[in-house]
Amino acid sequence: MSNSINMESPLHHAQLDSLVGQSSAGGGVLLHESKYLGHLNLRGNAQDVDFLSGIKKVFGIDLPTAPCTSATGELAQIIWLAPDEWLVMVGSGSEYDVELKLRAQLKGHFAVSDISGAQTILELSGSHVIELMKKSSGYDFHLESFPIGKVVGTTFAKAGAHILRLEENKFQLVIRRSFSDYIWLWIQHGCKECGLTIV
Amino acid sequence: MRQVNRIAAKSKHINRSRILSFTFNGKEYQGYEGDTVASALLANGVNVVGRSFKYSRPRGIITADSQEPNAIFQVGSTQATTIPNPRATQTELYQGLVATSTNGWPNVDFDLMSTVGKVGGSMMPPGFYYKTFMYPQSLWMSYEHLIRKGAGLGTSPTQADPDSYDKIHHHCDVMIVGAGPAGLAAALAAADTGARVIISDEQNEFGGHLLCSTQQIDGQLPNLWVEKIVEKLSNMDNVLLLPRSTVFGYYDHNLLGINERCTDHLGEHKSKTIRQRMHKVRAKQVILATGAHERPLVYGNNDVPGCMLANAVSTYINRYEVVPGNELVLMTTNDNAYKTAIDWHQAGRQVIAIVDTRATSNGELVKQAKQLDIDIIFGHGVINVKGSKRVKGVDIAPINVNNHCLTGSAKHFSCDTVASSGGWSPVIHLSSHTGSRPVWKDDIAGFVPGETVQAQHICGGLEGVYSLSKVINDGFSTGAKAAQAADKGEGRYEGSQPHIVDPQEDASMALFHIPHSKRTSRAPKQFVDYQNDVTAAGIELANREGFESIEHVKRYTALGFGTDQGKLGNINGMAITAKSLGKTIPETGTTIFRPMYTPTTFGALAGSDVKHLFDPVRFSAMHKWHLDNSAEFEDVGQWKRPWYFPQAGETMQQSLERECLATRNSVGILDASTLGKIDIQGKDAREFLNRVYTNPWSKLAVGKCRYGVMCKEDGMVFDDGVTACLDENRFIMTTTTGGAAGVLQWLELWHQTEWPELEVYFSTVTDHWSTMTISGPNSRKVLEKICDIDVSNDNFKYMDWIEANVAGVKARIFRISFTGELSFEINVQANYGMHTWQAVMAAGKEFNITPYGTETMHILRAEKGFIIVGQDTDGSVTPQDLDMDWVVGKKKEFSFIGKRSWTRYDNKRDDRKQMVGLKPKDPKFVLPEGAQIVFEPNQSIPMTMVGHVTSSYYSACMGYSFALAVVKGGINRKGQSVFLPLSDGTTVEAEICSPVFYDPKGDRQNV
Amino acid sequence: MLLIKCPYCEEQREEEEFSPAGQAHIVRPLNPEELSDEQWARYLFFRKNPRGLHHELWLHAHGCRKYFNMTRNTVTYQIMETYKMGQQPSVTASQEVK
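Protein chains in written order, with our numbering: chain A, 1 to 199; chain B, 10001 to 11007; chain C, 20001 to 20098.
Honestly, the hints are just simulated from the structure, not real lab data. Any given hint might turn out to be false.
With a straight-line cut-off of 27 Å between C-alpha atoms, the simulated DSSO-like cross-links for lysine-lysine are [what the hints assert, rightly or not]:
id	chain 1	residue 1	chain 2	residue 2
1	C	K20005	B	K10280
2	B	K10272	A	K192
3	B	K10611	A	K192
Bound conformation, chain A alone (with noise of 0.2 Å):
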């Protein structure tokens, strides 16, 4: 039985997949869903220098302890949640793994868990994109306001979202499962001018 397992992301019934390089009128606005990554919610005492350097061992990046900041590497994505509260996104699969390293690692009063199966991922980018974004949340999307890079927690339409900037036209949101139909829909009423395209 384990042999055919099948995982169902908490966008699967939209079919995105079946949708790939298809587009409503103009294709403002591009949408690709992440999915399966392993997600970790992390807290801890950004005071503490051993919490930070037993982060540093495990992810090879620092921990970004700045309000609204995040940090790439090569093994995790953090961003920052709260003065004690992190998302730390891994490989597919691996959460279970990291978790341990983590837990092996880490002293002290801290926190992780497994949230993956609790959100996902999905990638706005496009000519349009900033548009749809002013229409969803009242963030000032302003490049001045909102650089590369920095990730904010805020409102996405009547859900809510953690949204980071990849690129000028490119954002990264981060949003719970049992919102994820509503955003969906949201997104394509959103779009309805500018049209949407799945990638």
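Using the hints provided, position chains B and C relative to the given structure of chain A.
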């Protein structure tokens, strides 16, 4: 149809090459692209556009802008696209537009209501509604219905709106409201600093007052200057231009609500586009450049069609190429309005006279009028208008303004149009929205914005600055200053200033109400607020009856209560009140305007948050399976949960009975993924649980689960669930579905505010896990088939949890039971949820595994007397009230949340409502949930109610109906009868019993 | 709609990211069992409702999930400051009296 009032082309605003046909009250007319419905009707010589609210008098178009009180129409050709009450003066004409009067019934020329209205009118003084219709109060609703129908304020569409709407957020350094000369100059100056600038205007074209002005800028018509500035702005990346965009509200911290009408001017319903878009702008600095509205004068029969605002007349001539009549009498208190007479004359029609209320004036415009041989009569006023459906003439008399009387007899002049100007009122509405009190300025006889806490600037007409050169200079400097306040630029505008020569003007007169030979109450009606038929006499009557504050006068007379919010009439109404009370205008109070500036469609406010996007709908990973298996769904918070799974031909009750019996007799399966799950880690996790739960957690061993109840500090139950010890310093807490977010916030609240010293972290893992509960005597047999470890009772005891592989997937299995049956709650990572569910279903096939929904879950748990927080409790129920003292720790050291409150006097009463079971005397009768309970059925009404039914079902397993209820002192009343008087008049009897109906010893879950 | 600076995210955010959580600086008595009903009721139910400056507790619900304090003018809706848990306000009503 001929456009009798259309004159030769002169502006670029009207496109003669594009003829547009439209209908008004069933008759077809033609206009041009660039027309409003109002300008097209005037071009066609249509005089009467509606009937008045109270007196049913014929009414015509008065203004050319948002002030319009009369020309408010029903626009749209179908029940789905019809719009009530847009102003014809702001409705752009499109091919095929269909408009009807809102307040003429059955048609405006012959109005059935007019007979009734005229008779009723004399009997309907102000305050009529309060005096007459408020009593008896119970009939108010039906009176209101009749009044509204008679008054006809437009009708709502009866079919769903087919259009799409959306919203967009913006942030900017400087937001400029109004794209007249001041706004455009401000935008350019601000944009030159590199600041992020947004400029919006309610009209389809930028230019504001310049669209209808003939005053030259740089030696050319003002249009050319407007075009130049607009072109510059539209080429700048840092500027967003929003035409057709009304700022309808100015909210806290410089948030502006703007409604952009994207396609309204193109016609009805465009399926591919957004009809209206709401822009929410958060601006660092706001510049209000909203200009000023001209104020009409109040004189006898001033509502006869053909009576208009002076500047509106100029607008129709200069912008729309329409002269709305043949013979004009202009009445003015100022030089400025002379332009209208000059425009009229130059359009080739006759100016009968300019009636100037001042003793004299030597301003340049006056001189120009004299040069054109226009008759000017100083020291006079138009005291009365003759005519019914169109002005036929006026009576002009010498007036003494100070004594409010005539100083000689009246002379009659024939004419068909009366334009009046009482000066200008700055458009202070937006600044009022944020609570700023306007300030009266005598020199301009108008209110200007007062002090504000907003980062707000004002310029141009809004400040009472009216000469064009000053307005534009003011715009440039305000734009630069606002940008500087947003940290952009040096605060100075370095660009070139246009060359403008302003005509010298003599002082205007502060006059609002023209005297008449008879006293106001006997004089012909002098309208102040046209939309609500408020007259000068009505306001004076209100003052005599003791209404002195302008806010009271407004409510008594309905002054300013129409869809125009008193734009046209409020200042005049205040002036009349002030005069009648012998006070100054500021002494009578200021007038406060509130959002919306003009009526805004519900569509724009809702945006795309409608239908399936109205509220997020949350699904579990197994939702598709539920859909495929014909589940009916129930909303639980934002979640869609399967309610029950009907099979072909089944009623709901039949489905429930089948699901209950299958679970009790074999095995059922429930999707429990929606329960909240919180991962709690840290060395003080256990202590924290001790403090927030009522029961003790110190001794819960790794691998064990425990049910817990949480109370608020007032001692009342607010959530419950099972928490398992995963590791010495790690627990997983489950919460109710609806309580998940609230419980996590609750834990964080206590940790962050009271006990930050406790080393504990909380993380939500609700969405990470898919949870399926298999329940029933055969549940173990199902699990055994797909689980890689021994799940026998010896190895896996009740209230234990284990980690195992289920269907090849790593799972946590909790042996807990909400049905009272042998149960296993299987949790897998949600990406494997569907896979595991399908594997369980396949394994259970031979046992006829039956999916059940929330309703069967409710029945099964109620049979066991298990509460559902929020259904059996309502925030006023303690654990003791629930007879659940067993869940309260007696030896806990810390005075945990809620504990102290249980000993408060009121919470110790023994006649509190307590949870019990009820058995109806008729075993087939299901008591309605919420039914009230009394002890004595034959008492008089109102009866003394002693409790109510909280949960009630028919039990297929037990063969009778039963209920859970709260009853005063119920725990000690078991065996007694209570009575339930029902809404149909019958009373049923039930017996109080234990709330545990099924398997009271709990043997079945322990096997 | 307020514009609120979260002292943890260190920037201004729209009000819709936040939830109000009542009056700030209410400290739970350390000895609940020793308090009279009236003393306990004061802690439990009695809240200020000032016209003017008010110290409030807010939660950055859609952001960092942290509670923080806000000093807000209930008349003008001006926010004088926001500050972290455990900190004391630097602007108080008594200072406002000129």
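- What hints, given by number in increasing order, does this structure fail? none
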